[in-house]
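Working from the sequences, and respecting the hints, build out all of it.
When we follow our numbering, the leftmost residue of the sequence shown carries the number 353, and every step to the right adds one.
Simulated from the structure, these hints should not be mistaken for lab results. A quick note: this is a predicted structure, and the numbers were derived from the prediction, not measured. No residue lacks a Cβ here, since even glycine has one placed at the ideal position from N, Cα and C. It is possible that some hints are incorrect.
To be verified - FRET-style restraints, in silico, Cβ to Cβ:
id: 1; residue 1: 383; residue 2: 405; range: 24 to 30 Å
id: 2; residue 1: 375; residue 2: 411; range: 30 to 36 Å
id: 3; residue 1: 400; residue 2: 376; range: 17 to 23 Å
id: 4; residue 1: 372; residue 2: 403; range: 16 to 22 Å
id: 5; residue 1: 398; residue 2: 374; range: 14 to 20 Å
id: 6; residue 1: 380; residue 2: 406; range: 15 to 21 Å
id: 7; residue 1: 406; residue 2: 378; range: 25 to 31 Å
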Amino acid sequence: MLKYKNVEMVKLKGRVTAYLPEDIQTALEKWAEEESRSLSSLATYLLTRAVKDRQQQDKKD
Numbered sequence: 353m354l355k356y357k358n359v360e361m362v363k364l365k366g367r368v369t370a371y372l373p374e375d376i377q378t379a380l381e382k383w384a385e386e387e388s389r390s391l392s393s394l395a396t397y398l399l400t401r402a403v404k405d406r407q408q409q410d411k412k413d
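What follows is the structure, encoded as structure tokens:
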């Protein structure tokens, strides 16, 4: 298991294609560049965090 900025990440197995508004893609590309990571890596990080946050919220409900 990999760990980056306190988020555990498993070995990647799936692939997702997403179509984004240009302004969102541009903002994500800038963010990724600021953190010296690829857009794919940033998307994986953000989606992983979102899923974990959702799972935590579901446990509370």
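Discussion item. Of all the hints numbered above, which does this structure not satisfy? Sort the numbers upward.
Written reply: Violated hint: only 1; rest satisfied.
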